[in-house]
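Peer 1: We have chain A already, so just place chain B on it with the hints.
There are 2 protein chains.
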Amino acid sequence: MKTHDSPLARKLGAFVALSNSDLGVLSDLFRRRRRFVPRKDMIFEGQTNQSAYVMATGWACSYKLLKTGERQIVDFQIPGDFLGLRSVLFRTSDHNIQPITRVDASELTASDLLSAFQRTPRLATAVLWAASRDEAMVVEHLVGLGRRDAIERMAHFLLELYARLRLVGLADRLDYDCPLSQYMLADALGLSAVHVNRVLRQLRDEGLCTFKNGRVVFDNYDGLVDLAGFDRAYLDHEGPLLA
Amino acid sequence: MKTHDSPLARKLGAFVALSNSDLGVLSDLFRRRRRFVPRKDMIFEGQTNQSAYVMATGWACSYKLLKTGERQIVDFQIPGDFLGLRSVLFRTSDHNIQPITRVDASELTASDLLSAFQRTPRLATAVLWAASRDEAMVVEHLVGLGRRDAIERMAHFLLELYARLRLVGLADRLDYDCPLSQYMLADALGLSAVHVNRVLRQLRDEGLCTFKNGRVVFDNYDGLVDLAGFDRAYLDHEGPLLA
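Chain order of the listed sequences is A and B.
Just so you know, we're using the UniProt record's numbering here: the first sequence kicks off at 1 and counts up by one.
Just so you know, we're using the UniProt record's numbering here: the second sequence kicks off at 1 and counts up by one.
So that you can see chain A by itself, here it is in the shape it has in the complex (with noise of 0.2 Å):
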C-alpha cells in the first residue's frame, strides 16, 4: 500500500492537505511494522517505557479494568487510529489495549513522534487534531452514559463507527463490516449482553437498523440519526481546514 493510500493519510488528510514531503514523514513512521493476534492485550495498564502503533488492519479495543474486575471500554479502534498514543507520551500506560481481530500496526516511540514534528510541524497540527477527535469521541460517549438511554446511546455508537469507517474507506454506502460482539458492545455502553439484545432487536423491528452475522445495515439511515441526535461536527470530515 502507497503511503497516500493508507488508513492515516486518509484521515489526517481530513484535516490537512498533505504534501509529498508530509508523506514521506508519514512513510518512515510505518516503518517498524508488527501483528498481533486476537484477543492477547498489546498494551496493559501500568506498563512503562510503552510503544505506540498506528494501526494498518484491524479492529481492537481500549479498556479499563476496575478494582471489581468488571472492565469499561473506552472505545475501538480501526485503521488509520492511533493505539496508546498517551502511553508513549505518559510514562505508564493508564489502559489496556487489546486486538479484537488480527492487527497489522506500525511501532512509534516519543522520539519517532518528536522527529517526525520537527521534520513537519503541520504534522503536528494534524497528529494534535487526530488525538482532538478521539478525545470528542470519548466526550460522546461520556454524555451517551451519562444522558442517553440505551436505545439513543446504541444508534449513536452505530453511526460514529460508520463515520469512522468511511474516512478512511471501509465502509459501504450504508452498511460495514463489524466483528464486535454483544459482549463488546454491552462493555462500551454501560449495558448487560441481555440488554444489547433486545435493544437491536428493538433497531431491527423499528426499521432503522440491522446488526446481524457480523455487518450493520442502516434500514433507515435518516430515522437513526434523529433518533441518536447524532450530529457529525465532532467528526469534522468535510475536507481540510489547512490548505
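Just so you know, the hints here were simulated from the structure itself, not pulled from any lab data.
Some hints here could point you the wrong way.
For the chain B half of the interface with chain A, some residues (derived, Cβ under 10 Å), not all of them [claimed, not checked]:
1) Q72
2) L89
3) F90
4) I100
5) A116
6) L128
Built from N, CA and C at the ideal position, the CB exists for glycine as well.
Peer 2: Same frame as chain A, but now just chain B:
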C-alpha cells in the same frame, strides 16, 4: 507574571523541560488577553471559526446540551488549561464552555498554534501531551459514569481536581478552594443535587473529606485514594519525560 511562572508553563514543564526559547514562544501565545464574566458562554456548540484560549485565572466548565435540555458537564477547566482546543482545530465547536468565575484567558487561533509549532516542535509534543492528559481525564469520567458508584465517583473527582490544582500551584498541602456548586457536581457526575449532598455528607461523616464553604479539605487522603481506586498515573506529574 513571568511566562515561566504561568500555569501553562508549569503544566507543560511537567512533561518537557522548557528552554528559554520555548518560553519565548509560549509568551507570544499569551499576547491577546481577554476577560470573561461568569455564566455567559465564551464558546458555544455549533459556533464556527472559533478561537481557543489558554486560561490564566478562574474556573470554567465545558458541557453539552442534549435535545431534552439536559446538561452533561464534561470537565472543569482551571488555570493552565486550554479552552476549546478542539474548537480551533475543528471547523465547528462540538461543545460549550462557560466561565464559573471571572476568567482571564489568552486567545489563540489555529495559525498561532501552527506557527508556534514551527518555531519549537518540542512545544507541539508538549501540547499533544496536555491534550492527551485532558483525554485521559475524560476517560476517567467515562469509567466513573459507567462503572463507579456515587461515592467512589465523587472521591475520584475531588482527588483529580486536587492533583490538577497542585500542579499549577493552586492547592495547599491537603486542601484547595473550589467554587463549584452542588448542581455543577451533579451535572458532571451524573447524579441529582440531592444525591450529591448525601454523598458529600457521607464522605464527611466517614472522616475522609470535607467540602464546605467553597473549600475542599482531605481529612484522610490515603483513605480517600483507597475508596476511589485513584491512580495518579493518568495525570503523570513525575517531572519532565523529555529532557
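Peer 1: Under 10 Å, Cβ to Cβ, is where B/L89 needs to be relative to chain A, so tell me if that hint holds or is violated.
Peer 2: Because about 5 Å separates B/L89 from the closest Cβ in chain A, which is inside the 10 Å limit, the hint holds.
Peer 1: Does the nearest C-beta of chain A fall within a distance shorter than 10 Å of the C-beta of B/Q72?
Peer 2: With Cβ-Cβ at 5 Å, under 10 Å, it holds.
Peer 1: Have a go at the B/A116 hint: is there a Cβ in chain A nearer than 10 Å to its own Cβ?
Peer 2: holds (9 Å)
Peer 1: Does the CB of B/I100 sit less than 10 Å away from some CB of chain A?
Peer 2: Because about 19 Å separates B/I100 from the closest Cβ in chain A, which is outside the 10 Å limit, the hint is violated.
Peer 1: Hey, does the B/L128 contact hint survive, CB to chain A under 10 Å?
Peer 2: OK, holds: B/L128 within 10 Å of chain A, min 5 Å.
Peer 1: Regarding the hint that B/F90 lies at the interface with chain A, is the smallest CB-CB distance below 10 Å?
Peer 2: holds (4 Å)
The structure fails to meet hint 4 from the earlier list, while all remaining hints are met.
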